[in-house]
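A.B. asks: When you get a sec, could you build the whole thing from the sequences and use the hints?
So the sequences go chain by chain: A and B.
The numbering of the first sequence is my numbering, which starts it at 261 and goes up by one.
The numbering of the second sequence is my numbering, which starts it at 261 and goes up by one.
In short, the hints are calculated from the structure, not lab data.
Just so you know, not all the hints are guaranteed correct.
Unchecked claim - Each computed EDC-like pair below joins lysine to aspartate or glutamate, with the alpha-carbon atoms no more than 16 Å apart:
1. B:K584 with B:D565
2. A:K584 with B:D558
3. B:K584 with B:E557
4. B:K584 with A:D420
Stated by the list, open to error - Listed next, the stretches of chain A that the computed footprint assigns to chain B, with coverage defined by at least 3 CB atoms under 8 Å from CB atoms of chain B:
5. 296-308
6. 323-337
7. 343-352
8. 550-562
9. 581-588
Glycine included, every Cβ here is placed at the ideal spot set by N, Cα and C.
Number of protein chains: 2
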Amino acid sequence: MSAHPPFSFELQARSGRARAGLFHTPHGVIETPCFMPVGTQATVRAMTPEDLRRLGAQIVLGNTFHLYLRPGPALIRAAGGLHAFMAWDRPILTDSGGFQVFSLAHLRKVDEEGVVFRSPFDGGEHRFTPESVIEIEAALGADVIMPLDVCVGYPCETADARLALERTMRWLSRSVASRRRDDQALFGIVQGAFDVALRREAAARVAAFDLPGVAIGGLSVGEPHAVMYEILDAIADALPADRPRYLMGIGAPHNLAQAVGYGVDLFDCALPTRVARTGVVFTRDGRVNLRNRAFAEDMRPLDPDCACEVCRTFSRAYVRHLFKTDEMLGPRLATFHNLHFLIHWTQEMREAILGGRFNAWQRSVLARYATSW
Amino acid sequence: MSAHPPFSFELQARSGRARAGLFHTPHGVIETPCFMPVGTQATVRAMTPEDLRRLGAQIVLGNTFHLYLRPGPALIRAAGGLHAFMAWDRPILTDSGGFQVFSLAHLRKVDEEGVVFRSPFDGGEHRFTPESVIEIEAALGADVIMPLDVCVGYPCETADARLALERTMRWLSRSVASRRRDDQALFGIVQGAFDVALRREAAARVAAFDLPGVAIGGLSVGEPHAVMYEILDAIADALPADRPRYLMGIGAPHNLAQAVGYGVDLFDCALPTRVARTGVVFTRDGRVNLRNRAFAEDMRPLDPDCACEVCRTFSRAYVRHLFKTDEMLGPRLATFHNLHFLIHWTQEMREAILGGRFNAWQRSVLARYATSW
Numbered sequence: 261m262s263a264h265p266p267f268s269f270e271l272q273a274r275s276g277r278a279r280a281g282l283f284h285t286p287h288g289v290i291e292t293p294c295f296m297p298v299g300t301q302a303t304v305r306a307m308t309p310e311d312l313r314r315l316g317a318q319i320v321l322g323n324t325f326h327l328y329l330r331p332g333p334a335l336i337r338a339a340g341g342l343h344a345f346m347a348w349d350r351p352i353l354t355d356s357g358g359f360q361v362f363s364l365a366h367l368r369k370v371d372e373e374g375v376v377f378r379s380p381f382d383g384g385e386h387r388f389t390p391e392s393v394i395e396i397e398a399a400l401g402a403d404v405i406m407p408l409d410v411c412v413g414y415p416c417e418t419a420d421a422r423l424a425l426e427r428t429m430r431w432l433s434r435s436v437a438s439r440r441r442d443d444q445a446l447f448g449i450v451q452g453a454f455d456v457a458l459r460r461e462a463a464a465r466v467a468a469f470d471l472p473g474v475a476i477g478g479l480s481v482g483e484p485h486a487v488m489y490e491i492l493d494a495i496a497d498a499l500p501a502d503r504p505r506y507l508m509g510i511g512a513p514h515n516l517a518q519a520v521g522y523g524v525d526l527f528d529c530a531l532p533t534r535v536a537r538t539g540v541v542f543t544r545d546g547r548v549n550l551r552n553r554a555f556a557e558d559m560r561p562l563d564p565d566c567a568c569e570v571c572r573t574f575s576r577a578y579v580r581h582l583f584k585t586d587e588m589l590g591p592r593l594a595t596f597h598n599l600h601f602l603i604h605w606t607q608e609m610r611e612a613i614l615g616g617r618f619n620a621w622q623r624s625v626l627a628r629y630a631t632s633w
Numbered sequence: 261m262s263a264h265p266p267f268s269f270e271l272q273a274r275s276g277r278a279r280a281g282l283f284h285t286p287h288g289v290i291e292t293p294c295f296m297p298v299g300t301q302a303t304v305r306a307m308t309p310e311d312l313r314r315l316g317a318q319i320v321l322g323n324t325f326h327l328y329l330r331p332g333p334a335l336i337r338a339a340g341g342l343h344a345f346m347a348w349d350r351p352i353l354t355d356s357g358g359f360q361v362f363s364l365a366h367l368r369k370v371d372e373e374g375v376v377f378r379s380p381f382d383g384g385e386h387r388f389t390p391e392s393v394i395e396i397e398a399a400l401g402a403d404v405i406m407p408l409d410v411c412v413g414y415p416c417e418t419a420d421a422r423l424a425l426e427r428t429m430r431w432l433s434r435s436v437a438s439r440r441r442d443d444q445a446l447f448g449i450v451q452g453a454f455d456v457a458l459r460r461e462a463a464a465r466v467a468a469f470d471l472p473g474v475a476i477g478g479l480s481v482g483e484p485h486a487v488m489y490e491i492l493d494a495i496a497d498a499l500p501a502d503r504p505r506y507l508m509g510i511g512a513p514h515n516l517a518q519a520v521g522y523g524v525d526l527f528d529c530a531l532p533t534r535v536a537r538t539g540v541v542f543t544r545d546g547r548v549n550l551r552n553r554a555f556a557e558d559m560r561p562l563d564p565d566c567a568c569e570v571c572r573t574f575s576r577a578y579v580r581h582l583f584k585t586d587e588m589l590g591p592r593l594a595t596f597h598n599l600h601f602l603i604h605w606t607q608e609m610r611e612a613i614l615g616g617r618f619n620a621w622q623r624s625v626l627a628r629y630a631t632s633w
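C.D. replies: Next comes the structure, spelled out in structure tokens:
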């Protein structure tokens, strides 16, 4: 058990390297493995908090970069924090905004102190430092917070990966030193690009910080899946067994099924909500694009094996009609289903792990789930 | 009681000329006065059927013109009708599509037989006749159906209004003759543009058809509100007391409060859902535009006097943030509130009528509700 009350991670069972656990936070206990819906702008797109409860969400993400720019941390603090502002009383995780600064913002300059960037909304200049990000996250008040890190792309030279890793580690030290709220769990982030040795070293160095959880960042940025699995395989034993492991930005069903097999506990990704808005829904057989003419008269549910409210109520033909006529209800229903699907998927993995039969579950679902689409 | 089983209208109480009643249909009883949300394309924009039940909707509209073009009546019939297709098990009303043909379609030609028009979606040529519209509506399967009528604009010469009225009456005869389904109530539509004498004549002629309900069409198309009230005042006594009266296309709270005073029972309008999508919400004091900077830090509900789920859960500051960041949840929450507001508004009128105090209610709410915005 980690010595960071009110946070702790109970490892309940292993099946191979897959883990089932309970992550205790000030706003409730999270059963792992767990998929966390992304609520970038203090809203999981198209969903109410009640929808999220009904589809089984245990924790949602907020994005520090977006919320810092709009509506700003002062307003959210005045509203009583992010939980009160968005009316979500279960756990929240905020990322550091680092990934967005490097991918969305007009980057001005990164130096040892931090990053200067321009807002993509109004061009205004802003600076993030490890300390200012911790301060913003304190105003937002999430249960789990991420430190500012240096993100690199794919491919990446080992020398560049080393420089980014070293700065990420120094920024982590500054983040730890600037923390003030004991009711927020700061995770360390394992970087190191696509170099297995560097990743293993990073995992050991992050573990040495003895933080309440460890994140694995900088993956799924264009590298082959095999590279990601190789890294997960290599670092699993270097990570503390009694802390939750969060693989950042991964959300495809087959990737989740593989990553849990390497001992990952927590996931987030905008994929299920983003593709839902284009009419793409998950099924046990793979993704389906409802805009396809093949579904025009298809009176079956989105996924015939799904028991969610949307699948119990509406047909593919109806939801396709909503997308073809640009009705908002289409993205809303597809979002609900996709989030339910992924969360149910992680619940199934949890039950399989608790029952000691994770490998059989994994083989069976991966044999059926088509990834060729 | 009207001799059109399974349809009947029980007049329960009057307060002045305002009426409270029960309209029996195959899918349930509608308490009047009643506001009917508009679900043009087999969906009340952004709402699920469950939302509609929770906000108190008793009946929703579908639009024959839109549903004829997309997805087409054959698909909806194959799905088991509009109720099954959109998963709404309470009453539905379909309009005739006449108004849309005259306002949205690229009109090719109107003659005694019907209208030829081009689809605004793909330019394809289509013909509506009174008979074909009844046939489409039979495929859709709504409880209440409207006949094809001839719509005119404002202003309108009396001679033109007379021609349109005469054709509308001949088309009503053909609609009545082509009806096949006894489980659908065909209403007659009172036209006559803005000429009080013509309107009174039309009301008497429609009443003579002895149909299960009467609609009042062609109003709120640009004329001053005083003209609409003068017409409602003039025709009230010419309409059968034992049939529901439906004022088409009226949805502003103050207009509803006035029209009920002239004996109107049913209303529909896209206004509450359309303005909701732009950030405008109804309050007891009038409309509020949430995009206004004045609400940036306003932690009060959308309407401090409203008890709907949205007002119980979220602040103006939060919903404004959703609109400023183009989040779908903004239109969704504003739509829910506006529909709840109008439906609660008609429920209050009903209670006031049953209590014999409608005039006092009307004076009180109209004194407070600001229409200047």
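A.B. asks: Count the residues of the stretch 343-352 of chain A whose Cβ falls closer than 8 Å to any Cβ of chain B, and tell me whether that reaches three.
C.D. replies: holds (count 3)
A.B. asks: Given that the stretch 323-337 of chain A was listed as covered by chain B, double-check it with a C-beta distance under 8 Å for 3 or more residues.
C.D. replies: Satisfied; 4 residues make the cut.
A.B. asks: Verify the proposed pairing of B:K584 with A:D420, using a straight-line Cα cut of 16 Å.
C.D. replies: Status violated; Cα separation ~39 Å.
A.B. asks: Taking a Cβ-Cβ distance under 8 Å as contact, does the stretch 550-562 of chain A have three or more residues in contact with chain B?
C.D. replies: Since three or more residues must qualify, the claim that chain B covers the stretch 550-562 of chain A holds, with 3 doing so at under 8 Å.
A.B. asks: Three residues or more, CB to CB closer than 8 Å: is that satisfied between the stretch 581-588 of chain A and chain B?
C.D. replies: The restraint on the stretch 581-588 of chain A holds, since 6 of its residues have a Cβ under 8 Å from chain B and three suffice.
A.B. asks: Would you mind confirming whether the straight-line C-alpha gap from A:K584 to B:D558 stays at or under 16 Å?
C.D. replies: Between A:K584 and B:D558 the Cα gap is close to 37 Å, so the pair fails against 16 Å, i.e. violated.
A.B. asks: Are the Cα atoms of B:K584 and B:E557 separated by 16 Å or less?
C.D. replies: Status holds; Cα separation ~13 Å.
A.B. asks: Within the assertion that chain B covers the stretch 296-308 of chain A, do at least three residues meet a Cβ-to-Cβ distance smaller than 8 Å?
C.D. replies: holds (count 7)
A.B. asks: Would the hint linking B:K584 and B:D565 be met if the CA-CA limit is 16 Å?
C.D. replies: Between B:K584 and B:D565 the Cα gap is close to 24 Å, so the pair fails against 16 Å, i.e. violated.
Of the numbered hints listed earlier, those contradicted by the structure are 1, 2, 4.
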